[in-house]
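Protein chains in written order, with this note's numbering: chain A, 3 to 272; chain B, 3 to 272.
It is worth saying that the hints were derived from the structure and are not from the lab. Warning: the hint list may mix true and false statements.
No copy labels: a pair is met if it fits in one copy or bridges any two.
[To be verified] Think about it this way: if two alpha-carbon atoms lie no more than 27 angstroms apart in a straight line, the pair counts; the simulated BS3-like pairs of lysine-lysine are:
| id | residue 1 | residue 2 |
| --- | --- | --- |
| 1 | 35 | 108 |
| 2 | 268 | 157 |
| 3 | 75 | 150 |
| 4 | 8 | 159 |
| 5 | 159 | 68 |
| 6 | 268 | 108 |
| 7 | 150 | 68 |
Single-letter residue listing:
Number of protein chains: 2
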Amino acid sequence: MNALEKLVNKNNDDKFICVGLDTDFDKLPLHIKSSANPVLNFNKAIIDSTSEYCAAYKLNFAFYEKDGEEGLKILLETISYIPSNILIIADAKYGDIGNTSRMYAKSVFEHYNCDAVTLNPLMGKDSLEPFLDYSDKLNFILALTSNKGANDFEKLKLDNGKFLYQQIIEKVKEWNLNNNCGIVFGATNGEELKENINFFETLPVLLPGIGAQGGSLEDVVKSFKTVNRKSFLINVSRGIIYKSSGEDFAEKAREEILRLNNEIDKILNL
Amino acid sequence: MNALEKLVNKNNDDKFICVGLDTDFDKLPLHIKSSANPVLNFNKAIIDSTSEYCAAYKLNFAFYEKDGEEGLKILLETISYIPSNILIIADAKYGDIGNTSRMYAKSVFEHYNCDAVTLNPLMGKDSLEPFLDYSDKLNFILALTSNKGANDFEKLKLDNGKFLYQQIIEKVKEWNLNNNCGIVFGATNGEELKENINFFETLPVLLPGIGAQGGSLEDVVKSFKTVNRKSFLINVSRGIIYKSSGEDFAEKAREEILRLNNEIDKILNL
Numbered sequence: 003m004n005a006l007e008k009l010v011n012k013n014n015d016d017k018f019i020c021v022g023l024d025t026d027f028d029k030l031p032l033h034i035k036s037s038a039n040p041v042l043n044f045n046k047a048i049i050d051s052t053s054e055y056c057a058a059y060k061l062n063f064a065f066y067e068k069d070g071e072e073g074l075k076i077l078l079e080t081i082s083y084i085p086s087n088i089l090i091i092a093d094a095k096y097g098d099i100g101n102t103s104r105m106y107a108k109s110v111f112e113h114y115n116c117d118a119v120t121l122n123p124l125m126g127k128d129s130l131e132p133f134l135d136y137s138d139k140l141n142f143i144l145a146l147t148s149n150k151g152a153n154d155f156e157k158l159k160l161d162n163g164k165f166l167y168q169q170i171i172e173k174v175k176e177w178n179l180n181n182n183c184g185i186v187f188g189a190t191n192g193e194e195l196k197e198n199i200n201f202f203e204t205l206p207v208l209l210p211g212i213g214a215q216g217g218s219l220e221d222v223v224k225s226f227k228t229v230n231r232k233s234f235l236i237n238v239s240r241g242i243i244y245k246s247s248g249e250d251f252a253e254k255a256r257e258e259i260l261r262l263n264n265e266i267d268k269i270l271n272l
Numbered sequence: 003m004n005a006l007e008k009l010v011n012k013n014n015d016d017k018f019i020c021v022g023l024d025t026d027f028d029k030l031p032l033h034i035k036s037s038a039n040p041v042l043n044f045n046k047a048i049i050d051s052t053s054e055y056c057a058a059y060k061l062n063f064a065f066y067e068k069d070g071e072e073g074l075k076i077l078l079e080t081i082s083y084i085p086s087n088i089l090i091i092a093d094a095k096y097g098d099i100g101n102t103s104r105m106y107a108k109s110v111f112e113h114y115n116c117d118a119v120t121l122n123p124l125m126g127k128d129s130l131e132p133f134l135d136y137s138d139k140l141n142f143i144l145a146l147t148s149n150k151g152a153n154d155f156e157k158l159k160l161d162n163g164k165f166l167y168q169q170i171i172e173k174v175k176e177w178n179l180n181n182n183c184g185i186v187f188g189a190t191n192g193e194e195l196k197e198n199i200n201f202f203e204t205l206p207v208l209l210p211g212i213g214a215q216g217g218s219l220e221d222v223v224k225s226f227k228t229v230n231r232k233s234f235l236i237n238v239s240r241g242i243i244y245k246s247s248g249e250d251f252a253e254k255a256r257e258e259i260l261r262l263n264n265e266i267d268k269i270l271n272l
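Start from the sequences and build out the full structure, keeping to the hints where you can.
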């Protein structure tokens with residue numbers, strides 16, 4: 003099953019939540035902190051309690067790389083613990099000259115065996131091509147991010163009348179020859195989402211920014227419903243994995259994803 | 003000595019070459035390949051033969067990360083082998099939400115103890131702030147890169163009449179409150195360099211793209227000479243470290259950097 007099929011299967015099953023495993027030792031429940039391998043144990047418990055209900059997992063590589071060798075080992079073990087029918091997204095925002103991108107692509111898709119990756123398009127097509135060459139993977143390219151800094155460049159208007167993020171999406175559609183491209187579109191940009199959703203055409207969309215960052219789940223789901231289109235993932239990290247800081251953290255994570263799924267269902271079936 | 007001082011000292015000593023330690027096992031001389039720790043041995047030999055003559059070393063993190071734990075160990079050992087008066091640049095092109103950038107900043111500046119880093123500004127100010135908060139370090143922000151893909155977005159014209167890369171430079175000047183920002187400007191863009199060099203003001207400039215990528219050393223040095231300005235680094239990777247594939251690789255690397263220094267001197271003192 004290739005990456006796009008994994009996504010489509012889950013979406014057809016009305017699963018749209020991507021659980022962000024941005025696991026930070028400092029934020030772990032006390033009883034886990036004192037265990038032998040706290041971050042890995044935490045991740046496994048979260049995966050056990052949420053894998054039936056989510057569409058994908060997103061692993062922020064920074065949270066693991068910062069611990070050097072030990073962190074990379076945990077990253078690899080977490081990835082191999084995720085059931086094989088669930089999309090695994092490496093959130094690394096790569097984008098470098100071809101030479102270097104080739105190495106990152108090999109690392110993320112072959113060594114870490116991820117299904118998908120986030121990419122930064124600033125340096126243009128040749129910086130992304132090594133990733134796009136993997137036709138069975140998915141490449142979520144940053145178009146409009148969820149942070150405040152999106153105003154600095156992404157929302158600038160070009161002399162052709164388009165915003166930079168629209169120009170990026172235009173290019174992503176051109177580059178999508180292997181049908182393995184998607185975009186990242188921050189859920190904090192509700193208005194822009196509504197205005198541009200037809201313009202995305204069939205590109206899968208990864209939407210961070212719900213919860214802690216202030217994006218509205220309802221706005222996002224309604225926008226996709228209006229155009230009768232699935233193929234999207236709503237990422238929630240802290241809002242799920244740190245829902246409780248007690249011994250019941252995994253149970254509370256499950257309750258939260260069930261609550262979110264329920265909310266999405268209601269909107270879709272209104 | 004902070005990062006900027008290291009750069010200024012070397013530039014005052016007429017040293018402008020940054021040696022790119024993008025070391026690839028496959029490209030190592032045969033006799034090194036069969037040694038106990040080939041990449042580390044190669045790096046040490048290159049450092050021994052070039053450290054007197056270069057201004058900086060740039061380590062492309064991808065070349066080390068791809069080998070997992072082993073690669074990160076070699077990266078750390080290479081960095082600690084570099085004499086402390088020479089600027090060490092982590093070429094990683096980071097740029098993520100503040101949360102994540104904070105981790106990368108801590109990793110690159112505290113764990114790896116690098117003096118400088120390359121950053122991708124697409125996501126805007128808040129994605130770079132955690133790096134900019136380290137006032138004794140240097141942050142080289144991608145403005146106009148050396149690859150063909152620079153045409154896709156960086157060279158697009160905005161509705162204010164500026165090119166995107168010019169808008170980035172404008173913002174970098176605004177963000178430079180700690181006097182710890184610089185820019186990356188590809189040496190392959192000789193015309194743009196000439197036209198924009200006054201606009202850089204005092205920002206240090208890291209210029210990749212000489213040699214294999216087709217940038218002209220002469221054009222670059224002349225541009226800086228015309229405005230009577232130092233504070234720049236010309237990166238050369240393959241052209242130095244793989245100058246010879248034989249047992250004399252370190253000697254040939256030294257000869258090549260001496261040749262480049264000589265060429266630069268000639269242009270500056272014409």
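We went through each hint and held it up to the structure:
1. In this assembly of identical chains, residue 35 and residue 108 lie within 27 angstroms of each other by CA distance solely across copies; the values are 22 angstroms between and 33 angstroms within a copy.
2. Taking CA atoms no more than 27 angstroms apart as the test, residue 268 paired with residue 157 passes in neither setting, with 32 angstroms inside one copy and 45 angstroms between copies.
3. With identical chains, the CA atoms of residue 75 and residue 150 are never at most 27 angstroms apart, being 33 angstroms at best within one copy and 36 angstroms at best between copies.
4. Proximity of residue 8 to residue 159 under the C-alpha cut-off of 27 angstroms is found in neither arrangement, the shortest distances being 36 angstroms within a copy and 39 angstroms between copies.
5. Taking the shortest Cα distances, residue 159 and residue 68 never come within 27 angstroms of each other, neither inside one copy (36 angstroms) nor across copies (37 angstroms).
6. In the homo-oligomer, the alpha carbons of residue 268 and residue 108 never lie at most 27 angstroms apart, since the shortest distance is 41 angstroms inside one protomer and 43 angstroms across protomers.
7. Taking identical chains as interchangeable, the C-alpha atoms of residue 150 and residue 68 lie at most 27 angstroms apart only when both belong to the same chain, with a minimum of 24 angstroms there against 32 angstroms between chains.
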